[in-house]
Every structure is written in structure tokens, then in C-alpha cells.
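So the sequence lines, in the order shown, correspond to chains A and B.
1 is the number of the first residue of the first sequence in this note's numbering; add one for each residue after it.
1 is the number of the first residue of the second sequence in this note's numbering; add one for each residue after it.
A portion of the hints provided could be inaccurate.
No farther apart than 27 Å at their CA atoms in a straight line, the calculated lysine-lysine pairs in the DSSO-like style are these [as the list claims (entries may be wrong)]:
{"id": "1", "chain 1": "B", "residue 1": "K49", "chain 2": "B", "residue 2": "K63"}
{"id": "2", "chain 1": "A", "residue 1": "K13", "chain 2": "B", "residue 2": "K286"}
{"id": "3", "chain 1": "B", "residue 1": "K459", "chain 2": "B", "residue 2": "K440"}
{"id": "4", "chain 1": "A", "residue 1": "K13", "chain 2": "A", "residue 2": "K54"}
{"id": "5", "chain 1": "B", "residue 1": "K449", "chain 2": "A", "residue 2": "K13"}
{"id": "6", "chain 1": "B", "residue 1": "K466", "chain 2": "A", "residue 2": "K13"}
{"id": "7", "chain 1": "A", "residue 1": "K129", "chain 2": "A", "residue 2": "K139"}
{"id": "8", "chain 1": "A", "residue 1": "K54", "chain 2": "A", "residue 2": "K2"}
{"id": "9", "chain 1": "A", "residue 1": "K60", "chain 2": "B", "residue 2": "K449"}
{"id": "10", "chain 1": "A", "residue 1": "K67", "chain 2": "B", "residue 2": "K449"}
{"id": "11", "chain 1": "B", "residue 1": "K255", "chain 2": "B", "residue 2": "K286"}
{"id": "12", "chain 1": "B", "residue 1": "K100", "chain 2": "B", "residue 2": "K440"}
{"id": "13", "chain 1": "A", "residue 1": "K54", "chain 2": "B", "residue 2": "K100"}
{"id": "14", "chain 1": "B", "residue 1": "K63", "chain 2": "A", "residue 2": "K67"}
{"id": "15", "chain 1": "A", "residue 1": "K13", "chain 2": "B", "residue 2": "K459"}
{"id": "16", "chain 1": "A", "residue 1": "K129", "chain 2": "A", "residue 2": "K13"}
{"id": "17", "chain 1": "B", "residue 1": "K255", "chain 2": "B", "residue 2": "K235"}
{"id": "18", "chain 1": "A", "residue 1": "K60", "chain 2": "B", "residue 2": "K255"}
{"id": "19", "chain 1": "B", "residue 1": "K464", "chain 2": "A", "residue 2": "K13"}
{"id": "20", "chain 1": "B", "residue 1": "K459", "chain 2": "B", "residue 2": "K449"}
{"id": "21", "chain 1": "B", "residue 1": "K449", "chain 2": "A", "residue 2": "K57"}
{"id": "22", "chain 1": "A", "residue 1": "K60", "chain 2": "B", "residue 2": "K49"}
{"id": "23", "chain 1": "B", "residue 1": "K466", "chain 2": "B", "residue 2": "K255"}
{"id": "24", "chain 1": "B", "residue 1": "K236", "chain 2": "B", "residue 2": "K255"}
{"id": "25", "chain 1": "B", "residue 1": "K449", "chain 2": "A", "residue 2": "K27"}
With beta-carbon atoms standing in for the labels, derived distance ranges [said to hold, decoys possible]:
{"id": "26", "chain 1": "B", "residue 1": "D101", "chain 2": "A", "residue 2": "I23", "range": "44 to 52 Å"}
{"id": "27", "chain 1": "B", "residue 1": "V461", "chain 2": "A", "residue 2": "E63", "range": "39 to 47 Å"}
{"id": "28", "chain 1": "B", "residue 1": "S428", "chain 2": "A", "residue 2": "E68", "range": "20 to 28 Å"}
{"id": "29", "chain 1": "A", "residue 1": "R88", "chain 2": "B", "residue 2": "A442", "range": "39 to 47 Å"}
These are computed hints drawn from the structure, not numbers from a lab.
Even glycine gets a Cβ: it sits at the ideal position worked out from N, Cα and C.
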Amino acid sequence: MKIRQISVFLENKVGRILEITEILGEKGINIRALSLADTSDFGILRMIVNDIGKAEKVLKEREFIVKESYVVAVEVPDKPGGLAAVLRVLGRENINVEYMYAFFEGLQDRALLIFRFEEPDLAVSVLEKHGINVAGEEKLGVR
Amino acid sequence: MWTRHILDEKDFLAEQARKSEIRCYDRARGTMKTIRIWNRERETLPESKKAQLQSELLLNLVKRVYDAIPFYRDRFDRAGISPKDIGSIRDISKLPFTTKDDLRYNYPFGMFAVPLERIVEIHTSSGTTGKPVIGGYTEADIDMWGEVMARCLTMSGTSERDIVQNAYGYGLFTGGLGVHYGARRIGANVIPISGGNTRRQIMLLQDMGSTIITCTPSYSLYLAEVGEELGVDFKKLPLKAGNFGAEPWSENMRKEIESRLNLLALDIYGLTEIIGPGVANECMYKSGVHICDDHFYPEIINPDTGQQCDPGEVGELVITTLTREATPLIRYRTRDITSLIPGQCRCGRTSVRMKRLMGRTDDMLIIRGVNVFPSQIEEILVKYEGLEPHYQILVSRVGSLDELTVLVEMNEQLISDEIRELETVENSIRTEIESTLGIKVAVQLVEPKSIERSEGKAKRVIDKRKI
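Work out the full structure, taking the sequences as your base and the hints as a guide.
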């Protein structure tokens with residue numbers, strides 16, 4: 001149930017994220033979730049897109065360095081304490097979160113949490129064992 | 001404490017000249033007289049007498065190296081030259097050159113002309129690839145070093161009444177001890193503070209009332225910067241002059257150093273292979289460095305053909321150590337590009353003058369007084385999969401200090417979605433380069449294809465320093 005995420009290396013320069021979103025937009029690729037990690041001189045743009053194969057291809061054609069990695073998407077009700085409940089489970093089971101980001105889907109009244117674990121498969125089975133709703137790629141509209 | 005109003009450069013020079021004058025007792029005449037030249041006899045030799053002295057020294061040197069150093073015997077034999085073919089200093093062009101590679105190849109003691117028990121000190125070059133270049137000193141060499149350094153320090157007005165704050169590094173680096181020996185010879189009071197520890201430098205400048213400072217030109221500006229931050233008014237300090245060297249600098253830097261530190265800033269030149277600092281120094285007329293040419297015989301050659309250049313023509317500086325005992329060198333190729341200045345200097349010295357260095361025939365960089373070759377950095381980068389060949393070395397001057405940044409292109413092998421992993425890569429490259437070069441550097445990961453591709457030889461070094 002883990003899902004694929006693509007990461008793009010960027011220097012901290014004006015207009016770089018715009019350039020990537022334009023490339024993806026022109027090719028009809030939809031960004032489903034996105035987060036940017038940065039240091040003083042470079043950043044990593046992490047994205048979940050609806051067509052990973054195509055996104056990687058068009059970005060590489062434009063000389064971007066792209067890495068595919070697995071993350072875990074967890075669906076929680078959009079209410080206070082939603083994230084804490086998931087983190088409590090992870091803490092109890094001693095599973096470390098490398099990084100995470102979240103976004104909220106208004107219409108369905110739920111939040112999606114994207115987690116990066118060292119061992120995504122193990123994390124998925126632990127989360128599911130505790131009745132936590134792990135979302136698959138189809139939930140995020142990924143082909 | 002003294003104050004000064006600079007009306008124009010002439011007044012400034014006149015005042016500096018007055019300050020550098022030493023009233024001393026002239027034994028021969030039994031009267032007081034004023035001198036400003038350390039070794040008046042040797043530094044004002046008429047051309048003919050100088051040539052005669054240089055010829056005698058060269059003949060002796062050629063015989064010594066031929067007898068004592070198998071490397072030179074072999075070189076001479078192969079070139080079909082025997083010591084008896086050398087009749088005067090003019091014959092020097094018949095002799096083969098010596099290169100830095102020759103020194104490395106004969107590391108550690110292959111270039112020594114005396115038995116090890118006669119060596120009293122050893123110095124090595126800074127941060128070169130692999131094995132360093134070694135200079136050995138006999139008692140007489142140390143004595144000669146003190147002599148030539150005393151000449152250099154006298155040029156900046158140093159006398160036995162001065163306090164020399166020596167901020168060149170003490171240790172294997174020749175800067176610290178070379179200046180030390182010269183200042184001791186003069187009888188000045190040396191403060192052997194060595195490099196770094198800037199706040200303490202400022203404190204001692206104020207508390208000891210140092211009158212002469214010796215350090216790299218960029219460090220002198222850093223001292224000014226820190227001093228200004230601490231609210232120090234350099235116009236109120238007794239500091240009067242500085243011998244600045246071990247890295248290239250410019251007239252603009254001189255102006256800045258002189259106005260910020262309120263002193264006379266003079267260029268000092270030297271290299272470990274020859275002796276260290278003391279090969280040459282500017283007098284207060286600032287019209288080229290006076291080479292101590294009764295010890296170090298300079299030639300300017302065309303680096304491609306090896307032919308001697310015409311007087312005043314620009315080429316590579318080649319030095320023969322006429323008097324060095326332990327590690328004498330015949331026609332050593334310094335790789336420094338410059339020219340010799342024909343004619344005599346207003347200061348009265350007849351020692352030949354050399355213009356500011358214009359560059360190098362190799363790709364050596366001097367960063368904060370440390371010699372850096374791009375190949376040293378390349379050797380480290382090749383160990384990382386995919387890194388080489390797309391890297392670039394960026395040298396800039398931030399404030400007054402040089403900064404070296406290594407730009408490394410990101411690639412498929414290195415990319416990660418985790419910042420931590422990329423920072424680990426950066427740090428590991430940085431630590432390795434720093435421990436090899438002995439200076440702080442920055443490593444920056446950049447986007448692929450962002451480093452300019454060039455046809456033919458890649459442009460590895462971008463030197464943005466305006467010096």
C-alpha cells in the first residue's frame with residue numbers, strides 16, 4: 001500500500017519551482033501533493049503526481065535529477081487529534097518518521113498525511129494492524 | 001604616540017623615511033650617522049663588482065652541487081655540462097633547470113648537499129599534492145636567512161627600537177621563523193604571536209604598542225575589520241609599517257591597507273624552496289621588490305622555450321640560490337610570472353628589482369597564504385561515484401579573507417529525497433578537502449549541467465578575487 005513519490009533536486013534560485021510546475025502543467029501532469037525541504041543553498045521538491053512515469057521522463061528530459069522513493073499515505077478524519085492518534089501508534093511501535101507532510105481534502109472532510117519511513121512496508125503493516133486507514137495510489141488518483 | 005597629517009604621497013614618503021632612519025654610531029668615522037640600509041656594502045654593490053661576486057659564488061655552487069648531489073651530477077652529465085664550463089655568471093644559461101617535480105622525486109633528502117648532521121632546521125612547503133617540498137638549513141643558511149630578512153625588515157623601517165608583531169604562522173611554514181630570525185638579527189623586539197587569534201592580535205597591537213606588523217595582506221585587512229568593529233582607532237596606534245606577503249595582492253589593496261591600518265604597507269616575496277620569506281622586499285619607494293641578488297640570482301625566462309628574456313620582458317622567474325648550503329638549487333623554476341626592472345632605485349640600493357607577480361605558469365592558487373592546486377581537490381572528488389568531472393572551484397574574497405567554494409553537480413548516484421543524506425555528502429567532501437588542504441572550504445551541491453561545459457580544457461577554477 002506504499003505509494004511512489006518523486007523528488008527533484010533544486011538550487012535555491014528564483015523561478016525554479018515555477019519551471020517545474022510549468023513543465024508538468026504543459027504535459028497535463030497533475031500534482032496531488034507537494035512539499036519542499038530546503039537548506040541555505042539547495043532544496044528538494046517532493047511530489048506525488050498522477051502520472052509518475054511521465055513526470056520523471058519529462059523532468060529528466062529537462063536535465064533535472066529525479067529520484068523515486070516510497071512513502072506511505074494515511075487518511076485521517078479532519079478533526080483535532082487526528083495526526084496525534086497516528087503518531088501515537090508509530091511511537092508505541094518504535095517506528096521513526098524520516099519526514100512527513102500533510103494536506104487536506106476539503107470536500108471529503110479528511111486529511112492525508114504523507115510519511116517517509118525507513119521501512120515503508122513494515123510501517124504499513126503496523127498502521128493497518130492498529131486500524132489506521134492507509135491510502136493506496138488509486139486514492140490519490142495516481143496511475 | 002605620534003600623529004600624522006598626510007598632505008600628499010611625497011610628504012608621506014618623507015615622513016616614513018624619517019621614521020625608518022636609524023641614528024647609529026659609525027665606528028670607522030667615530031661619529032653618528034644615519035643609515036637606512038641593512039647591509040650597505042652588499043645592497044649597493046656596483047654592477048661590475050656584483051657580477052664578479054655572483055660569478056665567484058656560482059662557480060663554487062656549481063662545483064658543490066656536482067660533487068654532492070647525484071641528481072645534479074646526472075643532470076649536468078646528461079646535458080654535457082661540466083662545472084669547468086662555467087666561467088662567470090653569464091654562463092648560467094648553460095645550466096639545466098630544476099623543477100618542483102624534481103624536488104618531489106628526490107624527497108626527502110635527495111637534494112641535500114650536506115650530511116644530515118650539519119642540518120639544524122627543516123621547513124616544508126604548505127599544502128602541496130602528496131609529499132611536501134623540503135628545505136634544509138645549515139647553521140650558515142639560518143644565518144643567511146636572518147641576514148636577508150633583516151634587509152627586508154629594514155626596508156620597512158624596522159630598527160632595534162621597533163616592536164615587530166609577527167603574525168605569520170610559526171611552524172613548518174617558513175613565514176613565522178623567517179621573519180623572527182630577521183627581526184632578532186636587527187635587534188628588534190619580536191612578538192611571536194603567529195597567525196590567527198585576531199582579538200588577541202588587536203589587544204597586543206594596543207597594549208604592546210607594536211610598530212611593525214608582519215602577516216599576509218588579506219589578514220591585515222581582517223585585522224583592520226575586527227579592530228574597527230572593536231572600536232580601535234588605528235590612527236592612535238604606534239603601528240608604522242608592515243611587510244605583507246605569502247599571497248598576491250595589488251596596489252588597490254595596498255591603498256586600503258595603508259588607509260585603514262594607518263601604516264606603510266610593503267610587499268615581501270619568498271618561497272620555501274629558495275629560503276622562505278626574505279628573497280625580496282619593497283623599499284619605501286614601492287617600485288618593485290628588491291631581490292637579495294647576492295644570494296638569490298634571478299632570471300626571467302620564456303616558460304615555453306626556456307630561453308632567457310630580454311631585460312624588462314615578462315616571463316617566468318627562475319632563481320639560483322648562490323649561497324644556500326643545505327638545499328642549493330640551480331635555476332629553480334618558480335612558476336611565477338613577472339619581469340625584472342632595469343635601472344637603479346631611488347633608495348640607493350643596486351639590488352635588482354622585480355615587478356608584482358602577474359600570475360603563474362601552473363594552476364596553483366594561493367588561499368589565505370596556503371598553496372592550493374586544483375588537482376588536490378580533484379583527487380578527492382574522483383573517489384565519489386559520479387562526481388567527477390563536473391565540479392568547479394570558486395575563489396572569492398568575502399570582506400578581506402579569501403573563500404574557496406567547491407561546486408559539485410548533483411547526479412543520479414547522489415540524489416536523495418532526504419536533506420540529511422545530501423548534507424552528509426556535502427560534509428564528508430568538505431571535511432576531506434579541508435584535511436588535505438589545511439584550510440576551511442565550502443562545498444555546495446548544484447544542479448546538473450549548471451557548471452559551464454567548455455570545449456577542450458575544462459574551466460576548473462573561477463577566481464573572482466579582485467586583488
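Q: Kindly indicate which numbered hints from before are broken by the structure, ordering the numbers from low to high.
A: 2, 13, 14, 16, 18, 22, 27
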